[in-house]
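J.: Here's the letter readout for the chains.
There are 2 protein chains.
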Amino acid sequence: MKKIINDVASVEEQMIQGLVKAAPDMLRKLEYGTIVVRAQRKQGQVALVSGGGSGHEPAHAGYVGKGMLDCAVAGTVFTSPTPDQVLEGIKAVATDQGVLCVVKNYTGDIMNFEMAVEMAADEGIKAEYVVVNDDVAVKDSLYTTGRRGVAGTILVHKIAGAKAEEGADLKAVKEVAEKVIANVRTMGMAIAPCTVPAAGKPGFELAEDEMEIGIGIHGEPGTHREKLASADTIAKMLVDHILADIDYKGQEIVLIVNGMGATPLMELYIVNNFVHDYLTKQGITIYDTMVGNYMTSIEMAGFSLTLLRLDDEMKSLYDAKAHTLAWKK
Amino acid sequence: MKKIINDVASVEEQMIQGLVKAAPDMLRKLEYGTIVVRAQRKQGQVALVSGGGSGHEPAHAGYVGKGMLDCAVAGTVFTSPTPDQVLEGIKAVATDQGVLCVVKNYTGDIMNFEMAVEMAADEGIKAEYVVVNDDVAVKDSLYTTGRRGVAGTILVHKIAGAKAEEGADLKAVKEVAEKVIANVRTMGMAIAPCTVPAAGKPGFELAEDEMEIGIGIHGEPGTHREKLASADTIAKMLVDHILADIDYKGQEIVLIVNGMGATPLMELYIVNNFVHDYLTKQGITIYDTMVGNYMTSIEMAGFSLTLLRLDDEMKSLYDAKAHTLAWKK
Chain A
30 MKKIINDVAS
40 VEEQMIQGLV
50 KAAPDMLRKL
60 EYGTIVVRAQ
70 RKQGQVALVS
80 GGGSGHEPAH
90 AGYVGKGMLD
100 CAVAGTVFTS
110 PTPDQVLEGI
120 KAVATDQGVL
130 CVVKNYTGDI
140 MNFEMAVEMA
150 ADEGIKAEYV
160 VVNDDVAVKD
170 SLYTTGRRGV
180 AGTILVHKIA
190 GAKAEEGADL
200 KAVKEVAEKV
210 IANVRTMGMA
220 IAPCTVPAAG
230 KPGFELAEDE
240 MEIGIGIHGE
250 PGTHREKLAS
260 ADTIAKMLVD
270 HILADIDYKG
280 QEIVLIVNGM
290 GATPLMELYI
300 VNNFVHDYLT
310 KQGITIYDTM
320 VGNYMTSIEM
330 AGFSLTLLRL
340 DDEMKSLYDA
350 KAHTLAWKK
Chain B
30 MKKIINDVAS
40 VEEQMIQGLV
50 KAAPDMLRKL
60 EYGTIVVRAQ
70 RKQGQVALVS
80 GGGSGHEPAH
90 AGYVGKGMLD
100 CAVAGTVFTS
110 PTPDQVLEGI
120 KAVATDQGVL
130 CVVKNYTGDI
140 MNFEMAVEMA
150 ADEGIKAEYV
160 VVNDDVAVKD
170 SLYTTGRRGV
180 AGTILVHKIA
190 GAKAEEGADL
200 KAVKEVAEKV
210 IANVRTMGMA
220 IAPCTVPAAG
230 KPGFELAEDE
240 MEIGIGIHGE
250 PGTHREKLAS
260 ADTIAKMLVD
270 HILADIDYKG
280 QEIVLIVNGM
290 GATPLMELYI
300 VNNFVHDYLT
310 KQGITIYDTM
320 VGNYMTSIEM
330 AGFSLTLLRL
340 DDEMKSLYDA
350 KAHTLAWKK
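Residue numbers (the working numbering), protein chains in the order written: chain A, 30 to 358; chain B, 30 to 358.
If you're looking for bench data, these hints aren't it; they were derived computationally from the structure.
These numbers were taken from a predicted model, which means no experiment stands behind them.
It is possible that some hints are incorrect.
It does not matter which identical chain is meant; a pair holds if it fits inside one copy or across any two.
In silico lysine to aspartate or glutamate, EDC-like type, Cα no more than 20 angstroms apart, as pairs [what the hints assert, rightly or not]:
id	residue 1	residue 2
1	K350	D54
2	K200	D340
3	K95	E195
4	K310	E194
5	K31	E234
6	K95	E342
7	K310	D54
8	K155	E204
9	K58	E239
10	K278	D198
11	K278	D125
12	K155	E195
13	K71	D36
14	K310	E207
15	K95	D348
16	K155	E42
17	K344	E194
18	K71	D261
19	K31	D261
20	K71	D341
Given these sequences and hints, build the entire structure.
T.: Have a look at this one:
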């Protein structure tokens, strides 16, 4: 394993400390666990909490800040945070308006966030959660019942975060989060694996001429393996799979071309060159495009495509100003 | 070679097209070559032109937009654009206030930008250039006389770009660019090479337990190779080398922890965790920190550290609003 780290045991802690030190006026790390909150605690508005295993940087701590999350709770790499860690996060940001947790659909995350929400209720905190399941690749997976939650999650953070910032109540923030979830779809692929530090070796192997289609953000198997094809062929395959699930024709969308961690921007832009034209030809209007590393799998090489169908409310919330490490507007 | 591309010959063209399609309201590609300009041409202010070989994405086209560059001229991967390509770029954005070219110190770039500036002068365009040479690793290199220009270049774009946007004249914009150059230093390292598409194989090889210290952004040799060390040990080595060149003690700085393309954010934040504390302990005040992929070498794995000593003028220009694909403020 060749990594720029100090030791395996301190990866998550030192990473989160280093992230907070990149914006010490904006972010604060709780003493208890790898939990990041806004330096200025919000008052009188719904607070948003998200999280999951580490290894998806900049998700989720990179989305903590004005207009998005109030708190990100990170577990160890590719492992859900514990219920008490999530509870600590909830308690650190809860307001009288309540807390909405945004959870990616993995069995461990669902179980632990659900338990934390119940524990918060026992302490008198109004907390609810939504489950993001945007990955159209597989119906069930190694780690999920139902579809996995992947890069579309950050659009839930953005849009529900903006709604909370407007002062909407918990019911309205949860409703708009569920609207995003209903309208966002993602599919990904990889040409090279990543190595979980504690494992010390790649999570899977691909031959020099092979790729995995429909892969998850922990390197879970996708729909199938096949010979490496051209960027356009791969991108078409992913888009077609997404469009088979939701027909985005005639709609206005946000497009994310998301790098898995080690994919150079050169390749992501080549993918965008095809996807932009291919969607446009089908009568889909691209309202905005994001190209970069937004929801990664450590240093996996590959990309995912995310499409979100917009309505006027989502568009205006998408455009609202946000200030976090990883959101670029 | 395992890459997500279509064919080697179209990499640069399709990449630049895909980049422009990520922000079609903001950017435009010239017909002639891989040259990106602002969609709205600036009037009555100094125009900024930069560029160099492709393969350093988001540099330089990712820095075209309000408050930074007016034009980025890209050559093929790791190869300077030709003088006539640079001239096309200059002509496409030139104003009556003139043009400042920001050139990284490589023999080919200097030669071609210098020639383009002379050709522009023949056509009645007031054009000048500055040379960025922030890399403290080696005095001369395979491709340079004197120090190489690397990630510090984007701070020249930012600060000189803001100065131009204020309406300063060519002399003043050039002076502030030279002030940044005088105060910015960088050093980098790599644990894994990149592959130039046209070459089809990695530019160099490193053993599983080896790293290259002082490497350039084309994989040029650095100061030496040694056994892979801990993140903190590597970061200290780079910082000490930089501080030996400029004593930043007691100063206020901008810090860039720059990924080389395939380095996960996890590792960059672990590096920042050390560097932040190490600089602070030496009485250096970190005014702002940027962590991410700003000046890359395709999919090389490694990072560089950049320190810029600020004064009040540079600080205010650094803070000025900019709107480009890759600048995050």
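J.: Which hint numbers does the structure go against, in order from smallest to largest?
T.: Violated hints (numbers, rising): 4, 9, 10, 11, 13, 14, 16, 18 and 20; every other hint is consistent with the structure.
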